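**Q** For reference, the chains in residue letters:
Number of protein chains: 2
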Amino acid sequence: MNFQQVTFPYTGPYLLVRTNQGRFIIDFDNKQLVWSQSVKENAANEDWNKHSRHLAYTLSNNLFVTTNDGKTIQVTNEPEGIVCGQSVHRNEFGIEKGTFWSPSGKLLAFYRMDETMVTDYPQVNTATRIATLEPQKYPMAGMTSHKVTVGIFNPASGTTIYLQAGDPTDRYFTNISWTPDEKKIFVIELNRDQNHAEIVRYDAATGIREDLVYEERHDKYVEPQHPLEFLPWDNKTCVYQSRKDGYNHLYLLNTATNEMKQLTHGEWEVQELIGFNSSAKEILILSTETSPLQSNVFAVETKTGATHLLGYEGGTHQVNLCSNGKYLIDSYVSHSIPHNIDVLSSNHKRQKPVNLFAAENPYKDYAMPEISVGTLKAADGMTDLYYRLVKPLNFNPNKKYPAIIYVYGGPHAQMIKDRMNYGISGWDIYMAQEGYVMLTVDSRGSANRGLAFENVIFRQLGVEEMKDQMKGVDFLRELGFVDMNRLGIHGWSYGGFMTTNLMLTHNDVFKVAVAGGPVIDWSYYEVMYGERYMDTPQQNPDGYKNADLKQKAGRLKGRLDIVIGGNDPTCVPQHSISFLRSCIDAGTHPDFFVYPGDGHNMRGLDRVHLYEHVTRYFMEHLN
Amino acid sequence: MNFQQVTFPYTGPYLLVRTNQGRFIIDFDNKQLVWSQSVKENAANEDWNKHSRHLAYTLSNNLFVTTNDGKTIQVTNEPEGIVCGQSVHRNEFGIEKGTFWSPSGKLLAFYRMDETMVTDYPQVNTATRIATLEPQKYPMAGMTSHKVTVGIFNPASGTTIYLQAGDPTDRYFTNISWTPDEKKIFVIELNRDQNHAEIVRYDAATGIREDLVYEERHDKYVEPQHPLEFLPWDNKTCVYQSRKDGYNHLYLLNTATNEMKQLTHGEWEVQELIGFNSSAKEILILSTETSPLQSNVFAVETKTGATHLLGYEGGTHQVNLCSNGKYLIDSYVSHSIPHNIDVLSSNHKRQKPVNLFAAENPYKDYAMPEISVGTLKAADGMTDLYYRLVKPLNFNPNKKYPAIIYVYGGPHAQMIKDRMNYGISGWDIYMAQEGYVMLTVDSRGSANRGLAFENVIFRQLGVEEMKDQMKGVDFLRELGFVDMNRLGIHGWSYGGFMTTNLMLTHNDVFKVAVAGGPVIDWSYYEVMYGERYMDTPQQNPDGYKNADLKQKAGRLKGRLDIVIGGNDPTCVPQHSISFLRSCIDAGTHPDFFVYPGDGHNMRGLDRVHLYEHVTRYFMEHLN
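In the order they appear, the protein sequences are chains A and B.
Under the working numbering, the residues of the first sequence are numbered 1 to 623, in order.
Under the working numbering, the residues of the second sequence are numbered 1 to 623, in order.
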């Protein structure tokens, strides 16, 4: 293969290949390597721009750029404790990365996070010759948090400027976006209280704060999660997403006048902005307009806000839009569709889905229990909650069966979806095969049901969610075939908090519980997620005390197994360890297991072991 | 009360009082405070000499002296990582403290330990607002160890010299003692291999190494545990203790000629040198001469080595000798004596014990099971091992009972003694009341049976001890009333190692095990204790591998509960945590519990919780 440099922009049928050596652009027709760029060993957080072919990456805590002509530039040179080019604010506010190329890839916005003032949580690695400390910067609710600034690096000049945002103490800088002309940057800024968001415009050349474009306040919290996205056919207008009318909807922001106009309406949520159909001037989205259990593709007219369903009307869809915006790859599942992949036109007037793939039912050879979904009334007496019920295999209505509730219950998650078997896990199926009734209820607080449904949990995590889960218990009782003396509960993370809380609060209802990676005391949880829902421990002492499960340690009557990852960086081991201490002091007897070296969830073979462990526990104690 | 200084030495009927303010000497007759000395808050390791009335103590890692006239002198001024005036070598070799006043209290010998080169074990305190690191210097077998030197401080001159012992790397400096004239110091020095001990004499004024007084070598290990003690009536002759003839015996060392003469003989062990009867020129000791299960008081004639029993011939004695050597307070227990206290003359020819106290049987109102002691043959076919058997309450020989073996099995400990109920724990009694047969066997390796009995474990910890414990299993089988399908085992520390090892090695014999604070891998244990019995991992890789219970994690069949103190500084959490990892990887399912903040043993209320926990486990799984 000949190595030959060719002129960009791309003209040929080129293929980009990424190997562990680097990136290679290959000219298919002429069988030529037209361009290559090496990557450093240990490089992380790679962000490659296809227009400029500049590559941003991090080595340890600093940011580097390799330009399209192979020159490597160290963008930042910060000491340990200051992290550049990586995700900040613990991945809240929709933040998933720390570098943001301008549209043409000529300028690089990046995060710089000063964590030197944040307390270390002492994680311990026991797999070394002698156990070693692996300190983790972890800002706990009410404690000193990190400080974030936004830099802009210009590879052509080698210079960096920082946005002149003022003192970054107790502020969140989220959802960075560029204007199409690359001259301006928008940042959605939030106060530590998370009840006041501002869209702020900065000059990208100087970093000067030019304008407060828009403000949003809420008594409870505002949670911006989506950067502005400019309409490809109108470089003055961008799409903003907000839940200010109670549901996540699209708004059009005129950046010349700062006018904000709501585009979509209704008691449903926009879930994802997929992209744009420029020829039709439509926005492609995923939304719950059809059903809160579904995610469907819609084209939204920017003139009217009218929505048009694309593709199959049921199920839960994930889509990829091709670069010209004309076609979608629509990958979807539903309770009756294992996995289909269709190609769709993004023009809703020319609906002719072409099926590329239709999976066989992977459960077809299994003895499957009956799985049903329905609604029951929440504890408020008004709201419909979705439940998912699995009856034991070979169900006999005259028998009494033990039941296990699988619970999550917190924000940003929904257990019941129009997916294969309504999103049930293999474990639920197994337990139903073994003679257990399995129930899950998506209580108030969970996702895709609107803001009011979610923010009822504000400053009182666990309270309303538990009431709703107890409605699930009532439902089980009314079924008539559940042995109410053999009721179990299981959940992970927020679901571990719910599991432990329900077991201790309703200690005459539940006999056996397995709580994984539970939050025990929200003051041990991080600033960003925790304070959004609970404010700080100083602001909300009663709320924190009421949600502190250590206070209820003495109420344990049945069997409670606490299971954690030994190095959980999300819900740090202090939660469960301090809970054990409280139980010991109170004279109660929980069980405990730890997966050394694991994080917030068990993966791979450890997950197999985990579910053997969980199953053994229920079979031993719920029989 | 008038404050008036009086002249020392003491003349009146004075009383020394120690309050949290300091020390006070009070003249009873004249109702006067004759002397006082304040103590610093946070002072630790206090060592007060009654002759000079100088006080040595430590603040943090440094050594201080407050003189009898109230002057405070900082003796050492070392940075963190260098510890002065405290016990060294992790309390092995009989070392319990770090300061050693000369007989008159004019000079102070002290340990200085440089730990800067020792790796920190990262202990974590989860009881703080956010968990905090509490690093612990922990030299693991085969790794770099600390370096110890011995200083001598002169309060009169304020000067300190150090013994010129040469490079302290990989050496142990043990059993510091002064000559009566305070001009010389003896140190028993040991190489890291612990197979070569030297008694070395230093000049106390200059620190110059004057003489190698005596050497002792052994193929396996030498373990000096007792400082030289000079005969009060002969300031050239001191008592040395050695197991070189196979049992711990007294030797007389002529320090003028370096001649060493064995004084006591026999297949029994000197356990403690109590003191001296100067008028009779006799040495008072505790020994096992009567029985390996007993500790009796004997007077030893220094001329002949003849021994004369003092006081009650049975039981286990602890004694205090009055300062003039004429009388003993003899506190003793036996299988039939709950607790007696007698006053004895130290003159064996004038035996008229006066009983001061005789405790009532504290178990008199309890339903007591039958407890018996006997011997069985060790796995070598020759050695007698003592066992202790407890039959269930209301024993019926026609029934079959579950049985639990309580095991320790390691050196320096003996479970079966001629104490109340033969030293059994309240838990054994409780379990016997609940219908369990309880057995303990002091296998080879355990204490008070001589060197060969103990050092059979050398380089192969667990191997011979397990064979002997399996003889205990044979014994249970032969009893005829034990249900051999319901066999449990329980032990702590070395006994936790034995418990885990037996459970994994003989996985078809034991059904349930509770292992507390177990050693899992001797390479995670400390240098001093671990290398004595195992050499280093580099020297004895096969021995370490064979004793590494992680290698056997896949053999777990029954129920094994591992219980640890969350901050165990002796058997660090890495042992059990890494074992869990091995079990997870091997697909086996141990149970686990941790007592946060606790060390190598649970104390106080935590111990109550622990034994509830242990009892629940056996009752749940051994039934």
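Because the hints were derived from the structure by calculation, they are not lab data.
Treat the hints with care, as some may be off.
Where chains are identical, the list cannot tell them apart; a pair therefore holds if satisfied intra-copy or between any two copies.
As the list claims (entries may be wrong) - Under the rule of at most 25 Å between Cα atoms (straight-line distance), these lysine to any residue pairs were calculated in the SDA-like manner: (1) Lys261 with Ser177; (2) Lys557 with Tyr611; (3) Lys550 with Val614; (4) Lys557 with Met117; (5) Lys236 with His412; (6) Lys557 with Ala256; (7) Lys550 with Ile130; (8) Lys137 with Asn61; (9) Lys137 with Thr119; (10) Lys557 with Met619; (11) Lys400 with Gln164; (12) Lys236 with Thr132; (13) Lys467 with Tyr312; (14) Lys137 with Ala127; (15) Lys220 with Glu612; (16) Lys550 with Ala127; (17) Lys550 with Phe100; (18) Lys261 with Val213; (19) Lys557 with Glu612; (20) Lys550 with Arg607; (21) Lys391 with Asp27; (22) Lys545 with Gly597; (23) Lys244 with His265.
Computed from a predicted model, the values in this text were never measured in an experiment.
**Q** Take the hints in turn and mark each one as holding or not.
**A** A quick look at each hint next to the structure:
1. In this assembly of identical chains, Lys261 and Ser177 lie within 25 Å of each other by CA distance solely inside one copy; the values are 19 Å within and 91 Å between copies.
2. Taking the shortest Cα distances, Lys557 and Tyr611 sit within 25 Å of each other both inside one copy (24 Å) and across copies (18 Å).
3. With identical chains, the CA atoms of Lys550 and Val614 are at most 25 Å apart both within one copy (23 Å) and between copies (23 Å).
4. In the homo-oligomer, the alpha carbons of Lys557 and Met117 never lie at most 25 Å apart, since the shortest distance is 42 Å inside one protomer and 49 Å across protomers.
5. Proximity of Lys236 and His412 under a CA criterion of 25 Å is satisfied in neither setting, with 32 Å inside one chain copy and 83 Å between copies.
6. Taking the shortest Cα distances, Lys557 and Ala256 never come within 25 Å of each other, neither inside one copy (64 Å) nor across copies (73 Å).
7. In the homo-oligomer, the alpha carbons of Lys550 and Ile130 lie at most 25 Å apart only across protomers (15 Å), although the nearest pairing inside one protomer, at 32 Å, exceeds that limit.
8. With identical chains, the CA atoms of Lys137 and Asn61 are at most 25 Å apart within one copy only, with a shortest distance of 13 Å there and 30 Å across copies.
9. In this assembly of identical chains, Lys137 and Thr119 lie within 25 Å of each other by CA distance both inside one copy and across copies; the values are 6 Å within and 23 Å between.
10. For the homomeric pair Lys557 and Met619, the shortest alpha-carbon distances inside one copy (18 Å) and between copies (17 Å) are both at most 25 Å.
11. For a Cα distance limit of 25 Å, the shortest separation of Lys400 from Gln164 qualifies neither inside one copy, at 67 Å, nor across copies, at 82 Å.
12. Within a single copy, Lys236 and Thr132 get their C-alpha atoms no closer than 54 Å, and across copies no closer than 52 Å, so neither meets the 25 Å cut-off.
13. Taking identical chains as interchangeable, the C-alpha atoms of Lys467 and Tyr312 are never at most 25 Å apart, the minima being 36 Å within one chain and 71 Å between chains.
14. Taking CA atoms no more than 25 Å apart as the test, Lys137 paired with Ala127 passes in both settings, with 21 Å inside one copy and 18 Å between copies.
15. When the C-alpha separation of Lys220 and Glu612 is checked against a cutoff of 25 Å, the pair qualifies neither within a copy, at 41 Å, nor between copies, at 46 Å.
16. Taking CA atoms no more than 25 Å apart as the test, Lys550 paired with Ala127 passes between copies only; the shortest distance there is 12 Å, against 30 Å inside one copy.
17. Within a single copy, Lys550 and Phe100 get their C-alpha atoms no closer than 43 Å, and across copies no closer than 47 Å, so neither meets the 25 Å cut-off.
18. Within a single copy, Lys261 and Val213 get their C-alpha atoms as close as 13 Å, which meets the 25 Å cut-off; across copies the closest is 98 Å, which misses it.
19. Taking identical chains as interchangeable, the C-alpha atoms of Lys557 and Glu612 lie at most 25 Å apart whether they share a chain (24 Å) or sit on different chains (15 Å).
20. In this assembly of identical chains, the alpha carbons of Lys550 and Arg607 lie at most 25 Å apart only when taken from different copies (20 Å versus 27 Å within one copy).
21. For the identical chains of this complex, Lys391 and Asp27 are neighbours neither inside a copy (58 Å) nor across copies (87 Å), given an alpha-carbon limit of 25 Å.
22. When the C-alpha separation of Lys545 and Gly597 is checked against a cutoff of 25 Å, the pair qualifies only between copies, where the shortest distance is 23 Å, while the shortest distance within a copy is 30 Å.
23. Proximity of Lys244 to His265 under the C-alpha cut-off of 25 Å is restricted to the intra-copy arrangement: shortest distance 11 Å within a copy versus 93 Å between copies.
Hint check: violations occur at hints 4, 5, 6, 11, 12, 13, 15, 17 and 21; the rest are consistent with the structure.
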